[in-house]
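Peer 1: Listed below, chain by chain, are the residues.
Protein chains: 2
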Amino acid sequence: MAHRIVTISREFGSGGRTIGRKTAEKLGIPCYDNELLEKIAEESGLAKEYIAERGEYTPRGGWLATAFADRSVNGLSVQDYLWTVQRRLILQIGESEDCVIVGRCADYILEEKADLLKVFIYAPMAARAERIVTLYGETSDSPEKRLRDKDKRRAAYYQFYTDMEWGKAQHYHIALDSARFGIDRCVDIISSLF
Amino acid sequence: MAHRIVTISREFGSGGRTIGRKTAEKLGIPCYDNELLEKIAEESGLAKEYIAERGEYTPRGGWLATAFADRSVNGLSVQDYLWTVQRRLILQIGESEDCVIVGRCADYILEEKADLLKVFIYAPMAARAERIVTLYGETSDSPEKRLRDKDKRRAAYYQFYTDMEWGKAQHYHIALDSARFGIDRCVDIISSLF
Chain W
1 MAHRIVTISR EFGSGGRTIG RKTAEKLGIP CYDNELLEKI AEESGLAKEY IAERGEYTPR
61 GGWLATAFAD RSVNGLSVQD YLWTVQRRLI LQIGESEDCV IVGRCADYIL EEKADLLKVF
121 IYAPMAARAE RIVTLYGETS DSPEKRLRDK DKRRAAYYQF YTDMEWGKAQ HYHIALDSAR
181 FGIDRCVDII SSLF
Chain P
1 MAHRIVTISR EFGSGGRTIG RKTAEKLGIP CYDNELLEKI AEESGLAKEY IAERGEYTPR
61 GGWLATAFAD RSVNGLSVQD YLWTVQRRLI LQIGESEDCV IVGRCADYIL EEKADLLKVF
121 IYAPMAARAE RIVTLYGETS DSPEKRLRDK DKRRAAYYQF YTDMEWGKAQ HYHIALDSAR
181 FGIDRCVDII SSLF
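Chains as they are written, first to last, in our numbering: chain W, 1 to 194; chain P, 1 to 194.
Source of the hints: derived by calculation from the structure; they are not laboratory data.
Computed from a predicted structure; not experimentally measured.
For every residue, glycine included, the Cβ atom is placed at its ideal position computed from N, Cα and C.
The calculated label-pair distances, taken between Cβ atoms and stated as ranges, are: (1) W:84 x P:78: 54 to 64 Å; (2) W:2 x P:43: 48 to 58 Å; (3) P:126 x W:141: 43 to 53 Å; (4) W:152 x P:149: 27 to 37 Å; (5) P:134 x W:42: 49 to 59 Å.
Chain W with its partners taken away, still in its complex shape (with noise of 0.2 Å):
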């Protein structure tokens, strides 16, 4: 039988990251976060700070533009070698176990593949705004701007790599305002329909 496996959407800065390990933590299974990025860097030879922020965001300024100008390894561009790595891990790790897994695509690259919850966390603008300046100490000048950058990218690249509308309700089986529930409401909720 296939793996049952929540995947973890989420806006920047909505906890959704919380979220995860903390849903994981309440259902005794493996998170994967920053675990999945050390697994790609290993596997890639890629830096996890360059995967941290291409294996999600599409680059600034233009990102077809950068993506046509990365070197290539084995022929593909880099992000694209990169995606290939993170499909092909994501893959196995559906094959081998339950799991949270955060971000990455995971629903996308797993949709026939395993028993998914797919699950996608947001929040209000100023909501987020005050979580990136006081938990990730972001600074207070503009984080408005910077979530608006962030979601921006996030969605040109699942759009690019899965041809679908980042954050729609409907590619999602539950959404949830993380600043009307709270954190661990949210756990809970999420943990009950495991």
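On the provided structure of chain W, position chain P as indicated by the hints.
Peer 2: Using the frame of chain W, we list chain P on its own:
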């Protein structure tokens, strides 16, 4: 204190109306769906069938043209007159009691006026097509086409009167795929959040 209200926005054929009714039953509060239609008919003098169709959907075949071609009531197009009556009644309801309201842009109309739990219910096309054929006795001839048409008109209506995008997760506190969880489970989740 503001009354607590659950607004249910939903894709046609997703079972959102049934989820609204059952949630209200479970919480022991009124559900405004057909009841709201009757109130609007009484107040406006318009026929229920007209309100059912025009109070949530833009008319077929060029809604803008049709809207302007409408006969006027007190200097408003019938469509806009219906909107003002609908809006006034929903605001009255929001001031008078805890309740569930299905559709009719209640989430937007009550945004600042009540303690809202904004819910969006949707389901994959295949599940909705099966539902409208089985439950509503729709002909099985292209139910998908009819669903797409309904979705499009509901989205256009919502956007026209609220200037927001219908069905975008971020407008709601929670969005649920009713085909994945089933009607009763959706009712349980929503009731637990009230």
